[in-house]
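Required output: the full structure, derived from the provided sequences and hints.
Each chain, written out:
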Amino acid sequence: MQFEWTADDKRFREELARFLDETLPADWDELSKEGPGSDAQAEFSKVFCRRLAERGWLTPHWPSAYGGRDATPWQHAVLSEEMWSRGEPRGPQYMNVNWIGPTIMEFGSDEQKALHLPAISEGRVLWCQGFSEPEAGSDLVALRTAAERDGDDYVINGTKIWTSYANHADYCFLLARTEPESKRHKGISVLLVPMNTPGIELREIPSVVGHRYFHEVFFTDARVPASCRLGPENEGWAVVSHALQYERVGAPRYARAARTLDRLADYARENGTLDDPTIQEKLGHARTMCEAARLLSYKVIDQRAKGLPPSADTNVARVAGTTVDRAVGELALEICGENALADGSFADANFRMSMTAGVAVGATEIQLNLIASRILRLPKE
Amino acid sequence: MRFTFSEEEETFRAEVREFLEDYRDLEGFILQGRKFAEIKKLFLAMGARGWLAIGWPKQFGGLEKPPSYEYILWDEMAYARAARNPLSAGIVAKSIIRYGSAAQKSEWLDPIRSGDLHFSLGYSEPEAGSDLAALRCRADAHGDGYRINGQKCWQSYAHDMDYLWLLARTGTQESRGRGLSLFIVDLKARGVTVNPLPLMDGDQLNEIFFDDVDVGQDQRVGAENGAWSIMGEALADERHIQFPPGRIRRDLEEVTAWLRERGLLDDPVLVHRLADLVVESLEVEMHGLRVLDCMQKKRPAIVEAATNKIAHTNACAAIAQTAMEFGAGEAMIEGSRPDVLWRASLWEPIGGGTSEVMRSLVARRGLGLAGKT
Amino acid sequence: MDFDTSEEQQAVLDAVGVLLDRHAGPKRAIQLARELANEDANEDSNEGAHEDTYDHALDRALAEGGFNDIARSMSSLEAALVTEAVAKAGGRCAFATAALVAANLGDDPNDPHDSHGPIEGPIAIALRSEDGPVRFAAHAKHLLVISNAGNANSAGNNGNAHLIALEPGVIEPVSSNFGYPMGLVPNAMRRGGRALTQENARIIDWWRLALAAEATGTMQSALDVTVEYLSRRRQFGRTIGSFQAVQHRLAECFVQIEAARWLTYECAAQGAPREGAATVAAHALAAAARVFTETHQLSGAIGFTHEHDLHVWSMRLHALRTELGGVAGHRRAIAHSRWMGPQR
Ligand SMILES: Cc1cc2nc3c(=O)[nH]c(=O)nc-3n(C[C@H](O)[C@H](O)[C@H](O)COP(=O)(O)OP(=O)(O)OC[C@H]3O[C@@H](n4cnc5c(N)ncnc54)[C@H](O)[C@@H]3O)c2cc1C
Ligand SMILES: Cc1cc2nc3c(=O)[nH]c(=O)nc-3n(C[C@H](O)[C@H](O)[C@H](O)COP(=O)(O)OP(=O)(O)OC[C@H]3O[C@@H](n4cnc5c(N)ncnc54)[C@H](O)[C@@H]3O)c2cc1C
Numbered sequence: 000m001q002f003e004w005t006a007d008d009k010r011f012r013e014e015l016a017r018f019l020d021e022t023l024p025a026d027w028d029e030l031s032k033e034g035p036g037s038d039a040q041a042e043f044s045k046v047f048c049r050r051l052a053e054r055g056w057l058t059p060h061w062p063s064a065y066g067g068r069d070a071t072p073w074q075h076a077v078l079s080e081e082m083w084s085r086g087e088p089r090g091p092q093y094m095n096v097n098w099i100g101p102t103i104m105e106f107g108s109d110e111q112k113a114l115h116l117p118a119i120s121e122g123r124v125l126w127c128q129g130f131s132e133p134e135a136g137s138d139l140v141a142l143r144t145a146a147e148r149d150g151d152d153y154v155i156n157g158t159k160i161w162t163s164y165a166n167h168a169d170y171c172f173l174l175a176r177t178e179p180e181s182k183r184h185k186g187i188s189v190l191l192v193p194m195n196t197p198g199i200e201l202r203e204i205p206s207v208v209g210h211r212y213f214h215e216v217f218f219t220d221a222r223v224p225a226s227c228r229l230g231p232e233n234e235g236w237a238v239v240s241h242a243l244q245y246e247r248v249g250a251p252r253y254a255r256a257a258r259t260l261d262r263l264a265d266y267a268r269e270n271g272t273l274d275d276p277t278i279q280e281k282l283g284h285a286r287t288m289c290e291a292a293r294l295l296s297y298k299v300i301d302q303r304a305k306g307l308p309p310s311a312d313t314n315v316a317r318v319a320g321t322t323v324d325r326a327v328g329e330l331a332l333e334i335c336g337e338n339a340l341a342d343g344s345f346a347d348a349n350f351r352m353s354m355t356a357g358v359a360v361g362a363t364e365i366q367l368n369l370i371a372s373r374i375l376r377l378p379k380e
Numbered sequence: 000m001r002f003t004f005s006e007e008e009e010t011f012r013a014e015v016r017e018f019l020e021d022y023r024d025l026e027g028f029i030l031q032g033r034k035f036a037e038i039k040k041l042f043l044a045m046g047a048r049g050w051l052a053i054g055w056p057k058q059f060g061g062l063e064k065p066p067s068y069e070y071i072l073w074d075e076m077a078y079a080r081a082a083r084n085p086l087s088a089g090i091v092a093k094s095i096i097r098y099g100s101a102a103q104k105s106e107w108l109d110p111i112r113s114g115d116l117h118f119s120l121g122y123s124e125p126e127a128g129s130d131l132a133a134l135r136c137r138a139d140a141h142g143d144g145y146r147i148n149g150q151k152c153w154q155s156y157a158h159d160m161d162y163l164w165l166l167a168r169t170g171t172q173e174s175r176g177r178g179l180s181l182f183i184v185d186l187k188a189r190g191v192t193v194n195p196l197p198l199m200d201g202d203q204l205n206e207i208f209f210d211d212v213d214v215g216q217d218q219r220v221g222a223e224n225g226a227w228s229i230m231g232e233a234l235a236d237e238r239h240i241q242f243p244p245g246r247i248r249r250d251l252e253e254v255t256a257w258l259r260e261r262g263l264l265d266d267p268v269l270v271h272r273l274a275d276l277v278v279e280s281l282e283v284e285m286h287g288l289r290v291l292d293c294m295q296k297k298r299p300a301i302v303e304a305a306t307n308k309i310a311h312t313n314a315c316a317a318i319a320q321t322a323m324e325f326g327a328g329e330a331m332i333e334g335s336r337p338d339v340l341w342r343a344s345l346w347e348p349i350g351g352g353t354s355e356v357m358r359s360l361v362a363r364r365g366l367g368l369a370g371k372t
Numbered sequence: 000m001d002f003d004t005s006e007e008q009q010a011v012l013d014a015v016g017v018l019l020d021r022h023a024g025p026k027r028a029i030q031l032a033r034e035l036a037n038e039d040a041n042e043d044s045n046e047g048a049h050e051d052t053y054d055h056a057l058d059r060a061l062a063e064g065g066f067n068d069i070a071r072s073m074s075s076l077e078a079a080l081v082t083e084a085v086a087k088a089g090g091r092c093a094f095a096t097a098a099l100v101a102a103n104l105g106d107d108p109n110d111p112h113d114s115h116g117p118i119e120g121p122i123a124i125a126l127r128s129e130d131g132p133v134r135f136a137a138h139a140k141h142l143l144v145i146s147n148a149g150n151a152n153s154a155g156n157n158g159n160a161h162l163i164a165l166e167p168g169v170i171e172p173v174s175s176n177f178g179y180p181m182g183l184v185p186n187a188m189r190r191g192g193r194a195l196t197q198e199n200a201r202i203i204d205w206w207r208l209a210l211a212a213e214a215t216g217t218m219q220s221a222l223d224v225t226v227e228y229l230s231r232r233r234q235f236g237r238t239i240g241s242f243q244a245v246q247h248r249l250a251e252c253f254v255q256i257e258a259a260r261w262l263t264y265e266c267a268a269q270g271a272p273r274e275g276a277a278t279v280a281a282h283a284l285a286a287a288a289r290v291f292t293e294t295h296q297l298s299g300a301i302g303f304t305h306e307h308d309l310h311v312w313s314m315r316l317h318a319l320r321t322e323l324g325g326v327a328g329h330r331r332a333i334a335h336s337r338w339m340g341p342q343r
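Residue numbers (numbering that gives the first Met the number 0), protein chains in the order written: chain A, 0 to 380; chain B, 0 to 372; chain C, 0 to 343.
In case anyone wonders, no lab produced these hints; they're calculated from the structure. Among the clues, some could well be false.
Derived contacts from chain C toward chain B, CB cut-off under 10 Å, selection only [unchecked claim]: (1) V245; (2) S298; (3) A300.
Glycine is no exception: its CB is placed at the ideal position from the N, C-alpha and C atoms.
In structure tokens:
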């Protein structure tokens with residue numbers, strides 16, 4: 000057991016941090032306020048990711064065969080931490096590089112690889128994830144969107160919901176049922192669907208979280224060639240499970256929370272409240288949660304670095320990560336007081352960004368269920 | 000809507016307070032297990048004033064006052080830490096009044112009203128805690144009466160009490176709640192063994208074994224297999240006095256004073272915490288009054304009482320926890336105020352229906368959420 | 000980074016495990032807590048009734064096994080691992096102080112500049128400003144006194160710690176429900192002694208780490224017995240542990256404990272840096288309150304009895320929580336060192 004970063008990792012972090020300090024525009028805070036899915040950030044990501052790619056830092060964790068540098072999972076973690084703590088300047092593209100690309104490497108045809116991987120590694124494409132449906136949220140395998148085979152095509156009908164970035168996306172990583180009448184995990188396939196396919200319509204779902212945050216995506220006889228299918232027909236669940244392995248820990252929410260917290264301390268200092276012991280106590284408390292989530296995530300990264308299969312430690316890390324994200328979001332409101340109320344204020348932006356933690360990407364209750372059964376081995380009903 | 004008591008009620012409250020002056024240091028509310036001899040004297044004095052029967056109908060020697068009087072009485076008793084409402088004058092007497100035979104009424108009600116006879120509650124068993132309807136202790140027909148065999152556990156104060164208010168199975172095991180009957184059992188009867196169950200603080204609960212204990216028909220209260228509804232009604236009668244907010248008020252005052260004496264109130268973190276607790280204790284007060292209001296209007300108060308219990312026991316724990324947390328080493332000493340209050344706070348969310356059972360009630364009956372059990 | 004124990008670390012844990020199987024465990028903790036000299040007389044009974052409440056045999060075995068010095072022979076990480084294991088087994092001796100605090104007094108016997116030499120244990124540790132019970136004080140040979148903790152302010156912790164030799168019997172044992180033998184150490188007895196090379200603030204760092212390591216092992220056992228019990232206990236025709244309302248609360252406890260564990264290890268590996276030590280103490284001892292509340296609540300009435308082992312661990316959690324300014328103090332110490340220190 001040891002808890003040291005290697006000299007390489009440290010250097011990587013320092014260089015990355017320096018690069019970010021130099022590259023992010025002066026108005027970055029303002030620009031990034033509405034989250035990775037905002038128009039501003041999606042646009043910015045195209046410029047920024049290209050520059051990252053030039054440095055080899057967009058896909059350093061990819062194998063060299065695909066233009067990566069074979070960076071370790073720990074370096075990947077450093078990358079995620081640095082990006083997330085700055086408000087994710089890669090915008091929606093973090094999904095591409097973290098799991099969409101690697102899944103295409105694993106399951107894609109040569110044609111798919113040639114089409115998608117360079118576009119992703121050069122930072123010139125945006126994706127969205129078409130998983131959830133109105134009747135399939137936590138229970139994803141209840142999904143009903145159908146892709147019916149018609150000669151060399153699939154004809155897609157159904158509705159996806161909550162789809163982040165759908166408005167900017169060039170492609171959708173879509174889950175659909177290719178076997179009619181199939182149930183649960185069976186009969187699902189993954190389709191890589193161009194978003195300009197006729198028959199796809201978007202509706203923005205207005206939300207308190209932010210503008211253009213959520214979308215509904217309607218598929219009405221949307222026709223795509225069968226060559227869009229990733230992996231074997233009806234075996235899509237295996238593809239998704241594999242994809243989600245790459246997302247084991249998810250976004251390092253603790254890194255963003257830690258940075259927000261440092262800023263809150265600055266705010267308190269400037270406003271003369273940092274000397275208030277009750278404020279100190281609250282900041283200190285939140286800090287313990289950041290650190291807790293960090294180490295629990297590292298434990299998962301350690302397993303990944305050792306090539307171990309995913310374990311329920313992932314769920315532990317996620318619970319801690321979402322807990323701290325929300326706690327810091329709420330603390331921001333408390334510390335900033337009425338200044339938090341203005342739309343777009345620091346506290347407001349942070350709070351809104353944090354409030355979906357615990358629901359997005361697998362709700363906390365589901366994580367707790369898995370911890371109870373897989374780690375504590377508590378009996379089923 | 001009105002949030003004050005009437006003048007007459009306030010006069011009564013003043014009278015209770017004055018009476019309690021003589022029992023200031025009794026501490027019976029949290030230390031009943033160790034102080035019963037003194038508590039009994041208090042009950043006898045209360046009996047002499049008719050206060051143990053304050054809500055009973057006049058025909059049984061009661062004062063027939065509305066629930067607000069019971070509420071005030073037991074709220075002040077709790078605040079003074081004098082004693083908890085005795086089972087005898089509450090659940091036992093009220094059940095006898097409703098369902099007892101004429102003979103039972105004349106046998107039991109007088110000594111209960113005077114504070115002379117006391118009961119322990121014989122419900123729980125090792126395998127029947129939250130799930131009371133699973134209990135196994137049997138009362139089988141035998142001769143003219145019943146023969147009891149089985150075991151009870153967790154009986155508070157049973158070592159000091161005269162009788163047991165026993166819930167036993169007269170029907171089949173499968174009949175669950177519909178196969179239970181209530182009995183009055185002399186704790187000194189042949190075949191009854193009361194063993195202490197030592198608790199981690201040196202206090203005790205008890206377990207009770209029944210080995211061919213014979214009881215007569217006249218010791219069964221209410222219909223055979225009819226216990227479940229009797230218990231329910233008796234419980235409903237007591238909702239406004241089970242968790243009196245006076246306890247919380249007093250806990251908070253004591254903890255605050257204790258911390259102040261030690262010069263700890265200049266810690267702003269602690270002061271904030273205490274301020275939160277003041278708010279919490281006012282919430283508890285309101286929950287208590289809400290239950291009372293239902294009782295006064297003869298409305299069911301199931302959800303209100305469950306809500307009250309959750310809030311009350313949470314507040315109780317939070318106050319004691321604060322004393323422990325900020326009381327440093329001194330709180331570790333056995334018998335120190337934080338130690339005593341904290342340990343007394345621990346059982347509250349478990350005895351008298353656990354918080355989980357209460358939450359399920361609130362979820363199903365209050366919020367209308369579907370669910371089993 | 001590597002989250003698995005190395006072979007050497009595993010060997011240490013195995014060795015201490017063997018020793019703890021023999022010398023610790025809930026039964027022994029209960030017996031030590033309750034039985035006085037006349038019953039089950041052991042080798043130390045001639046030292047007076049209260050002596051039996053301290054596990055001298057375990058203390059000696061750990062010392063003889065070289066575990067007290069493991070911070071020096073290996074590193075503080077191994078010392079933290081063993082401390083956690085001792086706590087998990089319900090050991091009733093002042094091991095944490097020996098292994099993580101005393102071992103880091105800067106009193107390295109191999110260091111020619113260091114004049115103190117090894118300190119004979121058991122060692123109790125106390126704040127100068129307080130005057131209540133102190134864990135293990137009635138059995139300690141030495142009392143380590145830290146002055147001027149001032150709760151949080153790292154700037155206020157200058158000056159050196161003091162060591163007071165204790166004559167047997169000078170410290171009164173005090174009756175406590177909180178799972179450890181304790182002695183009453185009035186303020187006046189916390190004066191004097193000889194100054195050590197290590198400054199107060201540094202010792203407080205190690206003390207915080209030691210508390211966290213103890214809390215982690217203690218919480219883990221409290222959770223383990225509860226999970227085990229609720230996996231058996233049936234009500235309403237179901238195992239109580241199968242109710243989701245129960246499962247989620249136990250899972251939340253697990254998340255807290257697991258974080259306490261890794262924070263402890265990292266902090267130990269890094270040599271108890273100021274902010275890290277405050278962080279791990281604040282986290283672990285806040286978690287301790289939650290674990291206490293949930294394990295007791297979910298155990299029902301049996302949890303309060305001596306017939307069930309939960310109390311062996313649960314009650315101790317509150318003792319740990321009261322030390323060194325409590326959770327609020329640890330949290331404020333984080334704020335001080337992270338956001339209010341001179342480096343900012
Ligand atoms: C910010 C954000 C971005 C998102 N982006 C995308 C996206 O890009 N693409 C996409 O496909 N989806 C996306 N989602 C959807 C997300 O994956 C779902 O919200 C999530 O899976 C939960 O589903 P639901 O919202 O339908 O909640 P439900 O499944 O209806 O759950 C409601 C509540 O019930 C609880 N619950 C459900 N089942 C259980 C159970 N068995 N036990 C206990 N509690 C239970 C849940 O934990 C939750 O608290 C996004 C969501 C958010 C908030
Ligand atoms: C101080 C004290 C005094 C007492 N005095 C008496 C007395 O005088 N007479 C008497 O008869 N009894 C008495 N009891 C017993 C008391 O009524 C029982 O402890 C109580 O009913 C709970 O039962 P249990 O302890 O067996 O817990 P269990 O039923 O084993 O429950 C264990 C835990 O599981 C939870 N749980 C159970 N079912 C569910 C569910 N469906 N969903 C979610 N959670 C659940 C419970 O809430 C609890 O947290 C006393 C108890 C205490 C602590």
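How the hints compare with the structure:
no., hint, result
1, V245, "7 Å, holds"
2, S298, "9 Å, holds"
3, A300, "5 Å, holds"
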